[in-house]
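Protein sequence lines, in the order shown, are assigned to chains A and B.
Residue numbering for the first sequence follows this note's numbering, starting at 19 and increasing by one per position.
Residue numbering for the second sequence follows this note's numbering, starting at 98 and increasing by one per position.
Simulated from the structure, these hints should not be mistaken for laboratory data.
From a predicted model like this one, the values you see are computed outputs, not experimental measurements.
The reader is advised that the hints may include incorrect statements.
Distance ranges between label pairs, derived from CB positions [unchecked claim]:
1) Asp227(A) <-> Asp142(B): 19 to 27 angstroms
2) Tyr166(B) <-> Asn217(A): 19 to 27 angstroms
3) Ser99(B) <-> Gly164(A): 48 to 56 angstroms
4) Arg159(B) <-> Lys161(A): 50 to 58 angstroms
5) Leu124(B) <-> Lys161(A): 30 to 38 angstroms
6) Asp106(A) <-> Asp157(B): 32 to 40 angstroms
7) Ser59(A) <-> Asp157(B): 44 to 52 angstroms
8) Ala141(B) <-> Ser158(A): 35 to 43 angstroms
9) Asp104(A) <-> Lys150(B): 40 to 48 angstroms
10) Lys47(A) <-> Lys160(B): 51 to 59 angstroms
11) Asp142(B) <-> Glu202(A): 25 to 33 angstroms
12) Ala331(A) <-> Lys160(B): 37 to 45 angstroms
Glycine residues also receive a C-beta, built at the ideal position from the N, C-alpha and C atoms.
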Amino acid sequence: MKKIVIVGGGTGGTILANNLARRLSSEIKARDVRITLLSASDKHMYQPGLLYVAFGRMCSQDLYQDQMSLLEPGIVFHADPVKEFDMDNNRVVTENHASHDYDHLVICTGSRANPESIPGLAEYANHVYTVEAAEQTFRSLQKFDGGRVVIVTGVPHKCPMVPLELTFMMHDYFKDRGILDQVEFYYTYPIGRLHSLENVGKWAQGEFDSMGIQYETLFNVKEIDGEKRQVHSVEGSIVDYDLLVSIPPHSGVPVILENALGAGGWIPTNPATLQMEGRDNVFVLGDTTNIPISKAGSTAHYEAEALGENLAALVRQGIMVRAYEGKVFCFIEAGKDRATYASFDYKHPPQPQPPTQMIHWFKLAYNKLYWNSVRGLL
Amino acid sequence: MSKPIQVDARNSFCPGPLMEMIAAMNLAEVGDELEILSTDKGSADDIPEWIKKVGHELLDCRKEDEVYYIRVRKAK
Chain A
19 MKKIVIVGGG TGGTILANNL ARRLSSEIKA RDVRITLLSA SDKHMYQPGL
69 LYVAFGRMCS QDLYQDQMSL LEPGIVFHAD PVKEFDMDNN RVVTENHASH
119 DYDHLVICTG SRANPESIPG LAEYANHVYT VEAAEQTFRS LQKFDGGRVV
169 IVTGVPHKCP MVPLELTFMM HDYFKDRGIL DQVEFYYTYP IGRLHSLENV
219 GKWAQGEFDS MGIQYETLFN VKEIDGEKRQ VHSVEGSIVD YDLLVSIPPH
269 SGVPVILENA LGAGGWIPTN PATLQMEGRD NVFVLGDTTN IPISKAGSTA
319 HYEAEALGEN LAALVRQGIM VRAYEGKVFC FIEAGKDRAT YASFDYKHPP
369 QPQPPTQMIH WFKLAYNKLY WNSVRGLL
Chain B
98 MSKPIQVDAR NSFCPGPLME MIAAMNLAEV GDELEILSTD KGSADDIPEW
148 IKKVGHELLD CRKEDEVYYI RVRKAK
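Isolated chain A, as found in the complex:
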């Protein structure tokens, strides 16, 4: 029997498990293949929904479904996170002391926000990367009655459109509340333009200029002085704020660091085959890789589709049949009722189009369609 063990039940792990279960359904029925999915939780969260929780447009309860309900029959699922990767002996050991041998291992444990890594950020800045933080951000926005809103972005971070989306959505939120003329926006960004993607940065600059949003680039947060309400940058700037909204720096999850699989919790990964460097039978998906690509659900989605095809071919023919070409597709909310998108791969940069209401509606529809997407039906 060939054993495939997938560690991590987020977007990438769930799509991959379902993709493989369908491709290898006859082998699974014949007990020639077993697919085991190990996750830290028996719930699955739609993480992009946190942005809407921060504006009171989704309830946190709406972000969850039971993990089992999303899985194809035949997948063995345990809500039992891995604590030890014993790659020399092709096995993993879980928190509950269960040992799982494998022929092929896939690691997709994701990333987490680390506001505590910058002095003062956890205490004084809002963010949207956990349910508690997103709900707190909504309370902060509701209470805010005018002043200077500063947006700061840590490196690296998950979902690269969030700094822009938060800014545009706050702009429209305060406009709806009738206090926009009492709010000053100051957007900061770590590199020399307003977004990583050059074309998105150019587009955002035009939008910011027309909305009167100020900005400072080459700005990396060093610390927050909560008493003086000031942000200090690594580059030497000091910026005053009344409301601080952050995109905290991220790292891989602790189990990756504890098993010394990669600096920062990011596992060295081949960008085309998704194999872990030095381990032919270990693959890495999504945020967990060190590939220089967006840490986003859509990245994990496209990687999972390529890897599903390759793992099925490895089981059946002993070869891999395709390369992951760096495909990413990200929606960009440009306010409360307009959106655009960025679609790109390793060779082709995005060409963002002017935002429309139709793309915004499609994004809202995708917030529901996600559950079909993660089942591998979309």
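Based on these hints, arrange chain B on the given structure of chain A.
Just chain B, lined up with the frame of chain A:
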């Protein structure tokens, strides 16, 4: 002398070479050398600009077979 920490940001549109380098710099120790590989021509300008602004050390910047090799040292 220890080998530089290599940051292979070739073909990276997002987050891009400078963001990749800042992430690696955040993990590095003072005195560590980093070598960034980039296929983005803007990197040859914006990485040295950031290095100078923050006060790190630019050791080398060269182009070979359409790839930029930029070596820096974390100074603080």
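Structure-based check of each hint:
1. Distance hint check: the CB atoms of Asp227(A) and Asp142(B) are about 23 angstroms apart, consistent with the given range 19 to 27 angstroms.
2. In this structure the supplied range 19 to 27 angstroms holds for Tyr166(B) paired with Asn217(A), their Cβ-Cβ distance being about 26 angstroms.
3. A C-beta distance of roughly 53 angstroms is found between Ser99(B) and Gly164(A), which places it inside the suggested range of 48 to 56 angstroms.
4. About 53 angstroms separates the C-beta atoms of Arg159(B) and Lys161(A), a value consistent with the hinted range of 50 to 58 angstroms.
5. At about 36 angstroms, the CB distance of Leu124(B) to Lys161(A) agrees with the hint of 30 to 38 angstroms.
6. For Asp106(A) paired with Asp157(B), a C-beta distance near 38 angstroms keeps the hint of 32 to 40 angstroms intact.
7. The hint said 44 to 52 angstroms for the Cβ distance between Ser59(A) and Asp157(B), and at roughly 47 angstroms that hint holds.
8. At roughly 41 angstroms, the beta-carbon separation of Ala141(B) and Ser158(A) lies within the given 35 to 43 angstroms, and the hint holds.
9. For Asp104(A) and Lys150(B), the hinted distance range of 40 to 48 angstroms is satisfied, since their beta carbons lie about 45 angstroms from each other.
10. Separated by about 56 angstroms at the C-beta atoms, Lys47(A) and Lys160(B) satisfy the suggested range of 51 to 59 angstroms.
11. Range check, Asp142(B) to Glu202(A): Cβ separation about 31 angstroms, and the 25 to 33 angstroms hint holds.
12. At roughly 38 angstroms, the beta carbons of Ala331(A) and Lys160(B) sit within the given window of 37 to 45 angstroms.
The structure meets every hint from the earlier list without exception.
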